[in-house]
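Generate the whole structure from the sequences, applying the supplied hints.
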Amino acid sequence: MNKERLMNVLLQPHVSEKSATMTEKANQYVFRVRDDASKDEVKHAVELMFEVKVEGVNLLNKPGKSRRFKNVQGRRSGYKKAYVRLEAGQSIDFTGAAK
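Numbering (our numbering), first residue to last: 40 to 138.
Honestly, I wouldn't trust all of these hints.
Unchecked claim - Calculated cross-link-like contacts (lysine-lysine; reagent style BS3-like; alpha-carbon spacing at most 27 Å):
(1) Lys120 to Lys104
(2) Lys101 to Lys82
(3) Lys82 to Lys42
(4) Lys101 to Lys120
In case anyone wonders, no lab produced these hints; they're calculated from the structure.
Here is the structure:
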């Protein structure tokens, strides 16, 4: 795995009430990732970008929903999420504050 590929695996953190609860209780963080990303790639990308130790990764494919506006049928695009569990004592700071 080259660094260029790993830098493009994570798209953005997935911010929701559920992900905030998981961060507090289970030390898990949720990211939106590329559709072709594997667990191993996500693990190495998080360790490279945030300098933390990853305990495990779970991936989830979220399918797009069918929607209708007046008489036009449409479909929202789906995406892939990664639930990343960090080892005890590790954390990720998304605010960008200096250490």
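Okay, the hints, checked on the actual structure:
Taking the CA atoms of lysine 120 and lysine 104, the gap is about 16 Å. The hint holds against a cut of 27 Å. A threshold of 27 Å between alpha carbons decides the hint, and for lysine 101 with lysine 82 the separation of about 20 Å falls inside it, so the pair holds. At roughly 13 Å between alpha-carbon atoms, lysine 82 and lysine 42 fall within 27 Å of each other, so this suggested pair holds. Annotation: proposed proximity of lysine 101 to lysine 120 holds, straight-line Cα distance about 7 Å (limit 27 Å).
Against the hints set out earlier in the document, no violation occurs for any number.
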